[in-house]
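Student: Sequence:
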Amino acid sequence: MNYQYTKQFRQALVQWFLEEQRDLPWRRTKEPYQIWVSEVMLQQTRVDTVIPYYNRFIEKYPTAESLAYSPEEELLKMWEGLGYYSRVRNLQAGVREVVEVYGGKVPDNRVDISKLKGVGPYTAGAILSIAYGKPEHAVDGNVMRVLSRVLNIDADIALPKTKKIFEQAVTELIDHENASSFNQGLMELGALICTPTSPKCLLCPVRDYCTAFHEGDPSSLPVKSKKLKTKNIEYDVYIIRDQQGRFLMEKRPQAGLLANMWQFIMIERQADENSLTKVEKQYNVTLEHNSKETILSFSHVFSHLKWHIDSYLVDAVETNANPENTAYFTKEQIANLPMPVPMLKIWGKINA
DNA sequence: GACGCGTGGGC
DNA sequence: TGCCCAAGCGT
Numbered sequence: 001m002n003y004q005y006t007k008q009f010r011q012a013l014v015q016w017f018l019e020e021q022r023d024l025p026w027r028r029t030k031e032p033y034q035i036w037v038s039e040v041m042l043q044q045t046r047v048d049t050v051i052p053y054y055n056r057f058i059e060k061y062p063t064a065e066s067l068a069y070s071p072e073e074e075l076l077k078m079w080e081g082l083g084y085y086s087r088v089r090n091l092q093a094g095v096r097e098v099v100e101v102y103g104g105k106v107p108d109n110r111v112d113i114s115k116l117k118g119v120g121p122y123t124a125g126a127i128l129s130i131a132y133g134k135p136e137h138a139v140d141g142n143v144m145r146v147l148s149r150v151l152n153i154d155a156d157i158a159l160p161k162t163k164k165i166f167e168q169a170v171t172e173l174i175d176h177e178n179a180s181s182f183n184q185g186l187m188e189l190g191a192l193i194c195t196p197t198s199p200k201c202l203l204c205p206v207r208d209y210c211t212a213f214h215e216g217d218p219s220s221l222p223v224k225s226k227k228l229k230t231k232n233i234e235y236d237v238y239i240i241r242d243q244q245g246r247f248l249m250e251k252r253p254q255a256g257l258l259a260n261m262w263q264f265i266m267i268e269r270q271a272d273e274n275s276l277t278k279v280e281k282q283y284n285v286t287l288e289h290n291s292k293e294t295i296l297s298f299s300h301v302f303s304h305l306k307w308h309i310d311s312y313l314v315d316a317v318e319t320n321a322n323p324e325n326t327a328y329f330t331k332e333q334i335a336n337l338p339m340p341v342p343m344l345k346i347w348g349k350i351n352a
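Quick note: the first sequence, position 273, residue 273 per the UniProt record's numbering, numbers continuous.
Hints are computed from structural coordinates only; laboratory data are not their basis. Treat the hints with care, as some may be off.
The calculated DMTMM-like cross-link candidates involving lysine to aspartate or glutamate, where the alpha carbons are at most 20 Å apart (straight line), are [as the list claims (entries may be wrong)]:
id : residue 1 : residue 2
1  : 134       : 156
2  : 281       : 332
3  : 30        : 156
4  : 7         : 177
5  : 134       : 175
6  : 226       : 156
7  : 200       : 19
8  : 7         : 208
9  : 349       : 236
10 : 349       : 310
11 : 281       : 250
12 : 227       : 156
13 : 77        : 250
14 : 281       : 236
15 : 115       : 65
16 : 278       : 236
17 : 292       : 272
18 : 331       : 293
19 : 292       : 236
20 : 231       : 268
21 : 251       : 324
22 : 200       : 20
23 : 60        : 31
24 : 251       : 236
25 : 331       : 73
26 : 251       : 272
27 : 30        : 108
28 : 349       : 242
29 : 105       : 73
30 : 292       : 268
31 : 7         : 19
32 : 30        : 175
33 : 251       : 108
34 : 117       : 236
35 : 278       : 288
36 : 345       : 273
37 : 306       : 268
38 : 105       : 65
39 : 115       : 167
40 : 349       : 324
When you get a sec, could you build the whole thing from the sequences and use the hints?
Tutor: In structure tokens form, the structure reads like this:
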């Protein structure tokens, strides 16, 4: 793209963004901390999904100081249903560092901000450009899709090295006077016009500068490889109710899938094995086998695996010392525990 | 560089 | 239904 085209492209993109952008909660602030929260929530997550979470989160934690030392379980509850739960733990670690090392002020340069937990190349550029107006690249999936079409680039965007091509392109194209609107404009264009399927080229404000529109095929870009089959796991889930009407729950390990979230007792189903007996041994409880009642059978798809769950309600006749990370809770207590969506589904059925 | 890490929506 | 995806990051 020559210099004249570059200038016109910038101007058309920024003007379109200023006129057509959606009114989103995080666009009503320039507080770096609040922009940061929104960017973390938006990682791999749709705008419509994020909006209510963002509003609740900012109301409860309006400043870096208010978030820095809140209990993790409370944070996880605020994040419940959003997914990728390590995001909120990393966010708090980063925010705490800002409070302790930077006096509560989010760094305004890429080197320092990139040291913060959970702040990668994209989030760094997004905060720097949106909150501070710095001409820094912020390349996400939208930007790679839009620019792969505008510049007719067919490099495989599933390969990490391909992102460098787009970071370089943005560095050359970005409007130094309107870095925030330029970066957000690329993403907004990707969300509203230059969509993955059926791009609305006839409505596109930068169609005149789009190489793929004139010389190629926008809908065939970007090129993206990869796609592995997910693993299937079958579980029996037992909602164990003691004689006081409390329910046995277990806290998941502090690392890995759904780290530190709470669940009902979950046993991987094995062929020719009585899982009820296994539960009694493992959790030091005597169950009334006749009371076993089927609650719900369903599948839950994760990004990399699939759970097939059969769930049951069963009464405990006798309970003894609980294993580590397990406890009996009342319904009121359970309402305050962070649980993954499949457990919420089961719990909702129990209370229906 | 490959893989682990959630969820809900669109087609 | 099954697959794709959506404002990525840590290990």
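Student: Could you run down the list of hints and mark each one as holding or not?
Tutor: Here is what the structure says about each hint:
1. Restraint check: the Cα-Cα separation between residue 134 and residue 156 comes to about 28 Å, which exceeds 20 Å; the hinted pair is violated.
2. A distance of roughly 28 Å separates the Cα atoms of residue 281 and residue 332; the hinted pair therefore is violated under the 20 Å criterion.
3. For the suggested pair residue 30 and residue 156, the alpha carbons sit about 34 Å apart, so the restraint of at most 20 Å is broken.
4. Using a Cα cut-off of 20 Å, the hinted pair residue 7 and residue 177 holds, with the two alpha carbons roughly 12 Å apart.
5. The hinted pair formed by residue 134 and residue 175 meets the criterion: a straight-line CA distance of about 10 Å does not exceed 20 Å.
6. For the suggested pair residue 226 and residue 156, the alpha carbons sit about 10 Å apart, so the restraint of at most 20 Å is met.
7. With a CA separation close to 17 Å, the supplied pair residue 200 and residue 19 stays within the 20 Å bound.
8. With a C-alpha separation of about 13 Å, the suggested pair residue 7 and residue 208 falls inside the 20 Å cut-off, and the hint holds.
9. Between residue 349 and residue 236 the alpha-carbon distance is near 16 Å, which keeps this suggested pair within the 20 Å criterion.
10. For the given pair, residue 349 sits about 13 Å from residue 310 by alpha-carbon distance, which is consistent with the 20 Å threshold.
11. Distance restraint check for residue 281 and residue 250: the Cα-Cα separation of roughly 15 Å lies within the 20 Å cut-off, and the hinted pair is therefore satisfied.
12. Straight-line distance between C-alpha atoms of residue 227 and residue 156 comes to about 13 Å, which keeps the hinted pair within the 20 Å bound.
13. Between the alpha carbons of residue 77 and residue 250 the distance comes to roughly 16 Å, so the proposed pair stays at or under 20 Å and holds.
14. For the proposed pair residue 281 and residue 236, the alpha carbon gap of about 15 Å is at most 20 Å, so the pair holds.
15. Restraint check for residue 115 and residue 65: the C-alpha separation of about 19 Å stays at or below 20 Å, so the hint holds.
16. Between residue 278 and residue 236, the direct Cα distance comes to roughly 11 Å. Compliance with the 20 Å bound is thereby established for this hinted pair.
17. A C-alpha spacing of about 18 Å is found between residue 292 and residue 272, which places the hinted pair at or below 20 Å, so the restraint holds.
18. This hinted pair checks out: residue 331 and residue 293 have alpha carbons roughly 19 Å apart, not beyond 20 Å.
19. As the CA atoms of residue 292 and residue 236 are separated by approximately 12 Å, the hinted pair is consistent with the 20 Å bound.
20. Proximity of residue 231 to residue 268 is assessed by CA-CA distance (about 14 Å); at most 20 Å being required, the pair is judged to hold.
21. For the suggested pair residue 251 and residue 324, the alpha carbons sit about 9 Å apart, so the restraint of at most 20 Å is met.
22. With a CA separation close to 15 Å, the supplied pair residue 200 and residue 20 stays within the 20 Å bound.
23. Between the alpha carbons of residue 60 and residue 31 the distance comes to roughly 16 Å, so the proposed pair stays at or under 20 Å and holds.
24. For a cut-off of 20 Å, the pair hint linking residue 251 to residue 236 stands: about 17 Å separates their Cα positions.
25. Between the alpha carbons of residue 331 and residue 73 the distance comes to roughly 17 Å, so the proposed pair stays at or under 20 Å and holds.
26. Straight-line distance between C-alpha atoms of residue 251 and residue 272 comes to about 28 Å, which puts the hinted pair past the 20 Å bound.
27. Distance hint between residue 30 and residue 108 is fulfilled; the C-alpha atoms sit about 13 Å from each other, no more than 20 Å.
28. For the given pair, residue 349 sits about 19 Å from residue 242 by alpha-carbon distance, which is consistent with the 20 Å threshold.
29. With a C-alpha separation of about 26 Å, the suggested pairing of residue 105 with residue 73 is violated against the 20 Å cut-off.
30. Using a Cα cut-off of 20 Å, the hinted pair residue 292 and residue 268 holds, with the two alpha carbons roughly 18 Å apart.
31. Distance check on the hinted pair: residue 7 and residue 19 sit about 18 Å apart at the alpha-carbon level, within 20 Å; holds.
32. About 19 Å separates the Cα atoms of residue 30 and residue 175, which keeps this hinted pair within 20 Å; it holds.
33. For the suggested pair residue 251 and residue 108, the alpha carbons sit about 38 Å apart, so the restraint of at most 20 Å is broken.
34. In summary, the hint linking residue 117 to residue 236 is not supported, as the alpha carbons are separated by about 36 Å, beyond the 20 Å threshold.
35. For the proposed pair residue 278 and residue 288, the alpha carbon gap of about 14 Å is at most 20 Å, so the pair holds.
36. At most 20 Å may separate the alpha-carbon atoms for a hinted pair to count; residue 345 and residue 273 exceed this at roughly 26 Å.
37. Proposed proximity of residue 306 and residue 268 is supported: the alpha carbons are some 13 Å apart, at most 20 Å.
38. As the CA atoms of residue 105 and residue 65 are separated by approximately 10 Å, the hinted pair is consistent with the 20 Å bound.
39. For the hint linking residue 115 to residue 167, the alpha-carbon distance of about 19 Å falls within 20 Å, and the restraint holds.
40. As the CA atoms of residue 349 and residue 324 are separated by approximately 27 Å, the hinted pair breaks the 20 Å bound.
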